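Number of protein chains: 4
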Amino acid sequence: MNKPDFSQLNCLYINCTLKKSPAKSHTATLIQVSKNIMMNEKVTVDEIRLVDHEIASGVYPDMTEHGWREDEWPSIFKKVEKADILVIGTPIWLGEKSSMAQKLIERLYAMSGQRNEKGQYVYYGKVAGTMITGNEDGLKHAAMGILYAMQHIGYSIPPQADCGWIGKIGPGPSYGDVEWQGKQLKNPAGFDSDFTNKNITFMTYNLLHLATILKQQKGYSNYGNSIKDWQSGEQWNFENPEYR
Amino acid sequence: MNKPDFSQLNCLYINCTLKKSPAKSHTATLIQVSKNIMMNEKVTVDEIRLVDHEIASGVYPDMTEHGWREDEWPSIFKKVEKADILVIGTPIWLGEKSSMAQKLIERLYAMSGQRNEKGQYVYYGKVAGTMITGNEDGLKHAAMGILYAMQHIGYSIPPQADCGWIGKIGPGPSYGDVEWQGKQLKNPAGFDSDFTNKNITFMTYNLLHLATILKQQKGYSNYGNSIKDWQSGEQWNFENPEYR
Amino acid sequence: MNKPDFSQLNCLYINCTLKKSPAKSHTATLIQVSKNIMMNEKVTVDEIRLVDHEIASGVYPDMTEHGWREDEWPSIFKKVEKADILVIGTPIWLGEKSSMAQKLIERLYAMSGQRNEKGQYVYYGKVAGTMITGNEDGLKHAAMGILYAMQHIGYSIPPQADCGWIGKIGPGPSYGDVEWQGKQLKNPAGFDSDFTNKNITFMTYNLLHLATILKQQKGYSNYGNSIKDWQSGEQWNFENPEYR
Amino acid sequence: MNKPDFSQLNCLYINCTLKKSPAKSHTATLIQVSKNIMMNEKVTVDEIRLVDHEIASGVYPDMTEHGWREDEWPSIFKKVEKADILVIGTPIWLGEKSSMAQKLIERLYAMSGQRNEKGQYVYYGKVAGTMITGNEDGLKHAAMGILYAMQHIGYSIPPQADCGWIGKIGPGPSYGDVEWQGKQLKNPAGFDSDFTNKNITFMTYNLLHLATILKQQKGYSNYGNSIKDWQSGEQWNFENPEYR
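Protein chains in written order, with this note's numbering: chain A, 243 to 486; chain B, 243 to 486; chain C, 243 to 486; chain D, 243 to 486.
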């Protein structure tokens, strides 16, 4: 098998940690592992720590038009638009994705009035995945909400698009921690998890494969999924359900 | 744009209603709308009502080897294997997918020890979606769990792969009901929902598009996602995280 | 502080494992820890492994009236009715409670047409909790669905009513396992978790405290919550919302 | 039956809308219906719209000690501490509670290091409920997460502690809207829903009943649930699980 060429792809990581820079983010440590693969594969990568920016709450494209003094979302959305791949990173709090991750989803959703040149939602043709850290529980639950939202607004989800690390139940170190309760750990927490390493790798490559395929196809055909066409009365082979 | 040819595809609908045949299933009524599109597009379709079969509980491929007298799962799994597209239909109970849908997921998951000829999980290259009915609430929540499980075991999820119908809060008719509390409805419930009709259509076509693309590609390249290769020590461009 | 007397209380544990007896259930091992406290406190306890019984799928009180040959639910419901406390135990599969747990919720919900002698839902005055085992992730998510359903149908939920054990991410031993991948473990998995032991203890005592209090009060006053009264037109101090 | 006296109780509503005042909040309109009952019953009520305050992100009691310029949480927490009852109101976005609701949960959780005078978590003895608005779907899912978090940090949940209003699937008016797509509605959306009115009433009274009972009992006995005692080695009738 030939090694694929991923060098035309662009991947954006958005870290939804609650900690402002320069505080250490365990989620950033996890993201770095995937980013390294991407960079080794010559993918163009970018990373944003959302909490470092003034992102307004709300569900409009630009909240400065709705009473907020500041809103950096429009400039961040430009990066989202440019990226073939979006990876949302989040910590877990009480078994849920962070409030920053929920805010990101609200703002992505706020753009769903936009269309691409085929009359489809603007995220069609892009792919998404998620990377999650916590100290004990909630990875799959956080992933459910994030991946659901992504596909619902138009992203495609490749196989095994969620990964991360959590420790066993109860308080404990988070990903990459080198000490816990004053004691040095033999290895940074999670770094030696074959399960986590495999899942990061598979997610990263599956994002690259599906993004490559969809880019080659110039996204999805708009036969059967153009909002613009549907609103003009086109229904393709849909038939109104009839009472039988 | 040329009309695509979907006639090589095979789609399986599994209805996870709690009602045995011949009782009327609202979920079956909903599924029929998508099936009609598929049939008009010359796709080979099949539909199973899971509750009509003796499906054991458990997480092994064949539960007759684990103390159950009967288990039709192995024969149903053959249909899953053959299908390019799997659509899981479910009713909602107390805001959740049905216990039959959860059982289906458990049994699909039970096959995750299997590999395809590339050393990948057996569901790689297949696509999945979900169709949901209820009388008031829970469509997105049920979809979150179902689509999460599908991508996690190896399915790909195209854009907007969830659809269905629910009425407003409180008791009320379910999809396709022609009367409610003794009164005839003007239209069968949900049949005139432009939102539901559009979403069924978009889901159906997006499943077809992504299944076509993946079939043309013969599934995913196994560069970066083969369990077999990972277990043999191959890591592609993954690098062990290092403490910095 | 005087030691409370819990000897008048009755607690039912329903284990929603997928494994039929006599197979070892990790969830049963966990339940035993709470049961021991209850028994030491002279509470009357009972335990059911749901999968050992023929429980039909469906949302009617007795499914033999709806086409099922067999349905042991009516006899199990008698035990639910008698118990002041219901604890639902479940394993986790793909981050979700088991299909048996979902089936249990469907059947409990199916009784919601019943009223107690005050015109309230039949579960008013009873308390509920949940105990969960898995090998890596999903305890809180499973608890969310179970506790939500319980309060929604009329149970009261005391503080910290969820507990359990999960290991770190990836394949691993489940609660009480004494070996893993052919190697003997120093301690049965989870037995030495102070976090799990504390949470089992707190849940158990909080269930006992709230059940005691509610039993002394003979359940809830029906001022403001009687279905029967509401349907007769009583609204207490509710006022119809008005447009202002 | 005598009419109970609720006049000693204190209830705090926190509205987690994304809209800053003076924008109209549908969730506020819903909250008002419960508030009216409370006021008619002489309960002391207070209401906060969280988005009108500068609430930092993070999981520490006061984020100004962790790099944030401003953080009004400490003063809001004083109101939480004073209230016997906390009701969290939230809109739904993409089937989830709002990012403000998630932020509220993160900050409530951040106080979980605090103890009351009995050595219990600080929320013991308080009760919680939730009120939810959306235009189509997600009430139960949002309630699951909110009520789970509340009981997990120490609140008690009475029967049927979730209520709200959602319309049928697809775009539509939200609670209290008087027009939709330029057309006047016959009634403000949801005001005539007997289901919603009943559920608001039952939730409100059940919160009052359980808060009354727990106040009379001066909260929970700390036999079996004191963090302080557990950490000192007290285990009551808990016994370490033993391998059998």
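Since the hints were derived computationally from the structure, they do not count as laboratory data. Predicted model only: the values in this text are computed from it and were never measured. From the three backbone atoms N, C-alpha and C, an ideal C-beta is built for every residue, glycine too. Mixed in with the good hints there might be a few duds.
[Said to hold, decoys possible] If the Cβ cut is set under 10 angstroms, some of the chain B residues that face chain A in the computed set are: (1) Met280; (2) Val301; (3) Ala352; (4) Gly355; (5) Gln356; (6) Glu359; (7) Tyr365; (8) Pro400; (9) Gly414; (10) Pro415; (11) Phe433; (12) Ile442; (13) Phe444; (14) Tyr447; (15) His451; (16) Tyr465.
Which earlier hints can't be squared with this structure?
Those not satisfied are hints 2, 3, 4, 5, 6, 9 and 10.
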